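Student: Residue numbers (our numbering), protein chains in the order written: chain A, 479 to 592; chain B, 2 to 111.
Warning: the hint list may mix true and false statements.
Restraint ranges, calculated between C-beta atoms of paired labels, are given here [unchecked claim]:
hint, chain 1, residue 1, chain 2, residue 2, range
1, B, V53, A, P557, 31 to 37 Å
2, B, K71, A, G540, 38 to 44 Å
3, B, S85, A, Q520, 43 to 49 Å
4, B, G64, A, N546, 36 to 42 Å
Simulated from the structure, these hints should not be mistaken for lab results. All figures in this text were calculated on a predicted structure; none of them were measured in a lab. Glycine residues also receive a C-beta, built at the ideal position from the N, C-alpha and C atoms.
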Amino acid sequence: AQSVTQLDSQVPVFEEAPVELRCNYSSSVSVYLFWYVQYPNQGLQLLLKYLSGSTLVESINGFEAEFNKSQTSFHLRKPSVHISDTAEYFCAVKYSGGYNKLIFGAGTRLAVHP
Amino acid sequence: DAGITQSPRHKVTETGTPVTLRCHQTENHRYMYWYRQDPGHGLRLIHYSYGVKDTDKGEVSDGYSVSRSKTEDFLLTLESATSSQTSVYFCAISDSETQYFGPGTRLLVL
């Protein structure tokens, strides 16, 4: 069965430190990959996505993720985090096929401390 | 932000009662989805729709039904609510590639 694994349920980090949130998916067939962010008591917001082309994708607030087909990974990174980055982050995969359905990982809670 | 609203935003109900949640979009997207979010599980797909009157089950559809009589509205019904359906419910809409999420409905079944 297709699945998405986020390897860390919680990641504590100090402000201005770098961070990596890890995501692996189960199949190397054609995929689209997404990272969503959820701030407390809010819905999910799209952070960035990989559809095709360059394997390194960036968001407007300094996050980036790299699609690695051989390792079936799509890890999210930021070189210097802010308090405002505290949120839950979800990795999601859309496999080829109909209806644009996504499979989500369980989420990683990023806690940025001063 | 994509034009998606959910109603109600919060609801408390009793076991055994029917509950209907509404998702409304102003984007005219073809695909609509209902998810539930529970700690440790991420988001799990309940039902989805690929057009008016065209719906199908997701991975956790037991105890839920849906209807879509208009492009803009997608209703989720808990036919007889149980405590295990206490959750946060999210609606999403999709163009050809990306899903966009509503603000969520927090449901408590006592």
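Student: Taking the hints in turn, state whether each one holds.
Tutor: Taking the hints in turn, this is what the structure says about them:
| no. | hint | result |
| --- | --- | --- |
| 1 | V53(B) <-> P557(A): 31 to 37 Å | 46 Å, violated |
| 2 | K71(B) <-> G540(A): 38 to 44 Å | 40 Å, holds |
| 3 | S85(B) <-> Q520(A): 43 to 49 Å | 24 Å, violated |
| 4 | G64(B) <-> N546(A): 36 to 42 Å | 39 Å, holds |
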